[in-house]
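Each number in the numbering used here corresponds to the 1-based position in the sequence shown with 914 added.
Don't read these hints as lab results, they were simulated from the structure.
Since the structure is predicted, the reported quantities are computational estimates derived from the model, not experimental observations.
Some hints here could point you the wrong way.
If you anchor each label on the Cβ, the simulated ranges turn out as follows [unchecked claim]:
#1 TRP954 - VAL1064: 30 to 38 Å
#2 CYS1245 - GLU1205: 28 to 36 Å
#3 PRO936 - VAL1064: 27 to 35 Å
#4 PRO1063 - GLU1205: 54 to 62 Å
#5 GLN1173 - GLY916: 55 to 63 Å
Just so you know, even glycine gets a beta-carbon here, dropped at the ideal spot from N, CA and C.
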Amino acid sequence: MGRVGVLLLNLGGPEQLKDVRPFLFNLFSDPDIVRLPFPWLQKPLAWLISTLRTNKSQDNYRQIGGGSPLRKITEAQGKALAKKLLEYGQKMDVYIGMRYWYPFTEEAINHIKHDCPDKLIILPLYPQFSISTSGSSFRVLEKIWQTDPVLRQIEYTLIPSWYDNPNYLKAMADLIIKELNKCSNPEQVHIFFSAHGVPQSYVEEAGDPYQAEIEACTHLLMSAINRPNSYTLAYQSKVGPVEWLKPYAEDALQALGGQGIKDLLVVPISFVSEHIETLQEIDIEYRKTAEKAGIYNFSRVPALNTHPIFIDALAELVIHSLEKPPVTFKCITHPRENIIIYPKKSWQWGITSTAEVWNGRLAMLGFVALLVELISGHGILHYLGII
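Can you make the complete structure from the sequences, with help from the hints?
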């Protein structure tokens, strides 16, 4: 079999406040995050969104210490995985590749090319597959693979998702049970599974299996903890005006408060590491939402990070992948080019072809006007205090 390497994939995150704007630009430049009817608008829109969101995002990162811990945690997971594999008699180099910040996937590929393993196992740190997470990283790698003759000599296999891995479920169940047992009335605690959301059209039009895998994972975890607690699955982190998977976390929390729920335990079901969405969005924003709704006992299950059973799950996935036929890039879910994730109604102002032409012209005029205002620092939005 020869030398084997493992490439861990993750999102990445700004480590300092000055990193926030370029990180956001990279994020929204990805057509799998924001898919537009005109691809040439991708970079200008990414610049616009990153410009508008920088101050708010920096404020959020200040609340968790000024930067994301994701890189440090992922590197710790990589070291723990390499150590665990060695315990199983498998000496493998583990590489880290982030999608939107350092160390970028391309950097990891350069290290891999230098070491030149005979086989590479590509393992995303997303338990459930989505075209906007694992799929996006896979497509970056696929493009690199297609154009690099050195990489094409390296055999590889992908591990698209692993939400049903027994040790992953065991590690999650262990954390959930520990948090439940800290509560004064464990059986009365409502379990709130919070997953990162994706546009509804990804599921309905592109065939993204994400929602189905999240729902299946939720049922498996409830079976694993074997407790009679009531539970809810909701989706967080919605961006933009389009429909995302529902129920939205904020709405679900308000509804539970209206139903008289007082004790709530949040389980970050789609995250394996602490980062902005657990430390700030859940711990700070959703706690406030819950308290306003009358849910006074609010707690959260910590992310897996380097939980020993979780690391064992990763090692198990890697070793078992060696025994299976390779999973190639052609096997993954590719979104159709005509997928629509912008709101249909906002693009149907006119009912004739002439009206649609003018709709497009007006939209572009507004977009250009906004760009001019952002560059100049003067205009109606600044006057109103929106920017």
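Okay, the hints, checked on the actual structure:
| no. | hint | verdict |
| --- | --- | --- |
| 1 | TRP954 - VAL1064: 30 to 38 Å | holds (32 Å) |
| 2 | CYS1245 - GLU1205: 28 to 36 Å | violated (45 Å) |
| 3 | PRO936 - VAL1064: 27 to 35 Å | holds (29 Å) |
| 4 | PRO1063 - GLU1205: 54 to 62 Å | holds (58 Å) |
| 5 | GLN1173 - GLY916: 55 to 63 Å | holds (58 Å) |
Hint violations for this structure: number 2 only, all remaining hints satisfied.
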